[in-house]
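Protein chains in written order, with my numbering: chain A, 1259 to 1588; chain B, 31 to 532; chain C, 90 to 420.
Treat the hints as calculated values from the structure; they're not laboratory data.
Source: prediction; values computed, not measured.
Hints are not guaranteed to be accurate.
Unchecked claim - Label pairs and their computed distance ranges (CB to CB):
#1 Y1581/A x D219/B: 38 to 48 Å
#2 Y126/C x S1414/A: 31 to 41 Å
#3 F140/C x L1358/A: 49 to 59 Å
#4 G59/B x L287/C: 49 to 59 Å
#5 Y126/C x N1307/A: 50 to 60 Å
#6 L287/C x V1297/A: 42 to 52 Å
#7 A207/C x L1558/A: 27 to 37 Å
#8 A207/C x I1298/A: 31 to 41 Å
Cβ coordinates follow ideal geometry from the N, Cα and C atoms, glycine included.
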Amino acid sequence: MADQPQAAAGRPPRSIDPVRRSIALTFGAALLLFLIGGVIQPGFLRPTNVFSVLVVASFIGFVAAGQSLVILTGGIDLSVAWVINAGGVMLTSLAAGSDLSAAWVVPATLCMGLGVGLANSLGIVFLEVPPVVMTLGMNGIMQGLVLGLTNGFTSSSAKAYAPRVVSQAVNGVLPGGVPVDLLLWTAVAAALWVVLSRLTFGRWIYALGNNPVAAYLAGGHTRRITVLVYMLAGGFSAFTGIILAGYAGQATLGAGDPYLFASIAAVVIGGTSILGGRGHYFGTIAGAMILTVLTDVLTLMSIPEAGRSILYGLAILAALLIYGRQPEDV
Amino acid sequence: MPRIEAIDVSKSFGGVHALQGASFEADGGEVHALVGENGAGKSTLIKILSGLLRPDGGQLRVDGQEVRIDRPAAAQRLGIGTVFQELTLLPHMTVAENLLLRREPRDRFGLIRPRELSRQAAELLSGLGLREFDVDSVMSGLPLAQRQLLEIAKVVSRAPRILLFDEPTSALAEREVTWLMDVIRRLRDGGRTIVFTSHRWNEVHDISDRITIFRNGQRVGTFAAADIDENRAVELMTGRHMSAVFPPLPPLGAPEAILEVRGLAAGRVQGVDLTLHRGEILGIGGLQGQGQRDLFLSLFGAQRLRAGTIAIQGRRVAIRHPREAISAGIGIALVPEDRKVEGLFLPMSVRQNMTLPVLGALSRLGYVDLRRETDTVGRMIDQLAIRTTGPDQIVGALSGGNQQKVLIGRWLVTNARILLLYDVTRGVDVATKHDIYDLVTALSADGRAILYYSSDTAEMAHLCHRVLVMREGRAATELRGREITADALVRASLRLGGEVPA
Amino acid sequence: MSAPAARPSAGDRFRRYALRNASLLLSYLVLTVMGLYYVGYAAGHGQLSVFSVTSVFNNTMPLLVAAIGQTMVVLTGGIDLSVGSIISLSNSLAAVHMQDSAGSVLAWSGLILLIGAATGAANGALVAVGRIQPILVTLASLSVWAGVALFVLPQPGGAIPPGFTALLAGNAWQIVPASAVVLGALIVFWIVFRRTGLAVALYAVGNDERSARANGVPVAAAKIAAYTLSGLFAALAGLYLSAVTTSGDATTGAVYTLTSIAAVVLGGVSLFGGRGSATGSMAGAFVLTLIVNILFFANINPLLQEFFQGLVLILAMAASVLVNVVLGRTG
């Protein structure tokens, strides 16, 4: 067909997938931090300690799973903090410590998360409220509801203990020393891998995040994808609330607050573009690990919270300068 | 000494050489036209001279001095003003604010004087013969033709010594074209340099002093306007004789009607009747902004119908979403205008880009069957001769022409029997363009029905069995067979339509 | 070409202004309604006094000032999440270092404003030159400056000179809240600022960055200026907060990040950039504060405060979108 291919003179440049590269870099950085921890405190690299660090990282990982999906479609979920808090409170106050009740309370709590996500997505899709505003408003709504219904977290139901079955699930350890929680995280990671890499749904997520107009013109049901993705995010946030309550044994006021920025940071450090369309959950896993190990190492170095906060921010900036930069226009 | 020169300039985008050692000069007091096919490099040269792009190699000179034009502000400082094809007007600001951007009248404290701003803007426009604009109206509310006029007025009023125009008349009706030609003549007589690109030979020939022809990223010749005619120009532009540029149109025989549209009104379309037959290539012509885009979008389910009916093989259908258009029962595919904005997912792979509309058919229970997908994609890559390392290569790494082929491949995979092709050769290199012509005629011979729109009138003239020229949202003129010439198309587009409202 | 356009009548011009600024006018309307509700409730409870009105103003001012800065950034199409941390830092520095003398107050105010501007400039440089998305740059810098604030003031405490408090949060001529005077000054500032070349550049960048650059607008400089102003106003907001709370707390500013965005949105400023006015954001700040006050008078559980703020935010945004759709506009 082509007699004089114009492009023959220069071959198309080889594309080293920038996402894979940044994921690899991130895991490398996480590993480096672990090693630094090992140097500072012998025993840091003992399996029990590594596992406990990973368990704390998994909390970020659960929230960030939903946040990853939402950010990949080009949105953002600023409601995670209070959906987490609501999840913890709902678990403890409704189950009131009863293992039997946990059987229905856990699913009900997850449904609460799905419902919040649904509300978020309906506002975004049908009221055309931008995700920043919609989820921000929803965060306030959830905060008001939780504080109002628990009387500022002073009601007895809010102070109830988490059902033992949940606590044990989160804190339990399998023979060999592997925490059950990490098994949960592995399951979540596997599920997200299947969704993003193997399902048609995953393709549409990337397409929508990369180019919403083209996704629509390619026959995509962009509204349905958006609704599903925000529902999943809400579900994951509620799930994290349950896990946190199980881990601590009780619901804590403001337990979810640090997770808003932590989830976004983990997603971005993991190589996912904040604009959507590029990235993968594996990167987010590495990002969650980095954030957790970094905090731990800084604590080991006896750096006070002030210093930790500063270094945390500088670390994110460093990651951004390395691979968070937009290409130049010319 | 030439006022502006480009010497041996090169520019590549990801493996495609838009310009290879191209040279060009224009003098003071001259109107110099740049012509060439889509992809020959004219737009790229203009963008380099205006500071929007930086060349990979070569030299630029103004008044004999070497210069570096590394951003638009630098070009403006050198006295170069450019009217780009993509307008640079700010949508939420008023006409006055746009016209006098960066030159607003100030008071003694350095603050902008809003009433004086409006007054000066109105004065500026009336000085150019444009009196009917309300300078305090917001830009986004104005139609395309008016915005193109305002863009021209803005740049001209900055009194640059060198004026560059990239396709300035694509949306302008007859009166407005006449106005522009007047303006250009006055500027030339005043000693300015004007360089412009256009696909319309009549305009080019009428107004230019000299014409430079580009092909494959290089200059093939510069002529005084009187010394060259259209046939010779086309030969130089394409490297072939006119009739050899385009493949022969397959004959139509007694074709059956496959798509019937009656009274369609949607977006800018006010009322269109058309019948499309199997194997037919029906062109939709006219100036930019007359409703062609909305016609294509509404046939694809991407634009809601205000009125009218669509029938596929005699059966009335309602197409409410692109997914319905793609479905087997209807079988319509749209290859949209701007592949980067509306078509491709550049960070995703060839396979992911190509199979998106038919993923359902290639998967089970939501799980993609990679092997079947690889087969399908592989076959399409071969059929379209796409230069790629394989189905997993990131589309962003491909050349423009190959990207366009991937996009076309996506729609061929859907096996649609009606193809809506909207400016598919825009921004594509010359070789790929001819591949696309061959493909279009092959599809026609295969019995597919094709609706075709192109900004290049020569293409429309040679690739279509019939052409419907749109004016103001209606199909105003129909041309058949031998009646379809570039000249006739242009005349039909300009006649009586698009008057600037009072 | 054809006949000149007829000069628009005053009625036409007002209609055109209303159409163009629909979101802004909507926010003024909401503020007026809220204001009337508040006055009604307060009077009904016998609570309408110089003191209570001054309190309302004082409680609104930090948010209002922060919202002005946030407006600058949002106009360019960006967002500034570090606002809260700068407020905390400003408050902490003032609480630790400001002594009870005119000289100290002036010097430290100036220094704090300078520090705020510098942090903003750093943000701006990373956005404009580093080409990193604003939400991420300011997210990182939020963390950095929160840490610095904590470093300056590890435990809540410190003291703000009473003279400073009287200046910003007291009453002039016994009745007029000093805040109202400052508010007036800020409104005048905006009216003047709106007519500067810098303001035009901000709007241009927010409208369409590529087109702005093609027209020779100094895009990078405009962005850096926007973030610098945001940092400056955040620092000023922190000073105001110090005057109102009379003490320091390194975590006190955190809540202002998201509420400043809420105020901006309530003020009809488009999050996509290029449209809106800081006066709208000022109205939005008052709306948010009035909600709290109205809830109090309406005997609604004050713990539900965020619920209503969130609800109003969503509804106001939806209304604004609806208005724009009805008027046939996008974005």
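Hints versus structure:
{"no.": "1", "hint": "Y1581/A x D219/B: 38 to 48 Å", "result": "55 Å, violated"}
{"no.": "2", "hint": "Y126/C x S1414/A: 31 to 41 Å", "result": "35 Å, holds"}
{"no.": "3", "hint": "F140/C x L1358/A: 49 to 59 Å", "result": "55 Å, holds"}
{"no.": "4", "hint": "G59/B x L287/C: 49 to 59 Å", "result": "39 Å, violated"}
{"no.": "5", "hint": "Y126/C x N1307/A: 50 to 60 Å", "result": "57 Å, holds"}
{"no.": "6", "hint": "L287/C x V1297/A: 42 to 52 Å", "result": "51 Å, holds"}
{"no.": "7", "hint": "A207/C x L1558/A: 27 to 37 Å", "result": "32 Å, holds"}
{"no.": "8", "hint": "A207/C x I1298/A: 31 to 41 Å", "result": "33 Å, holds"}
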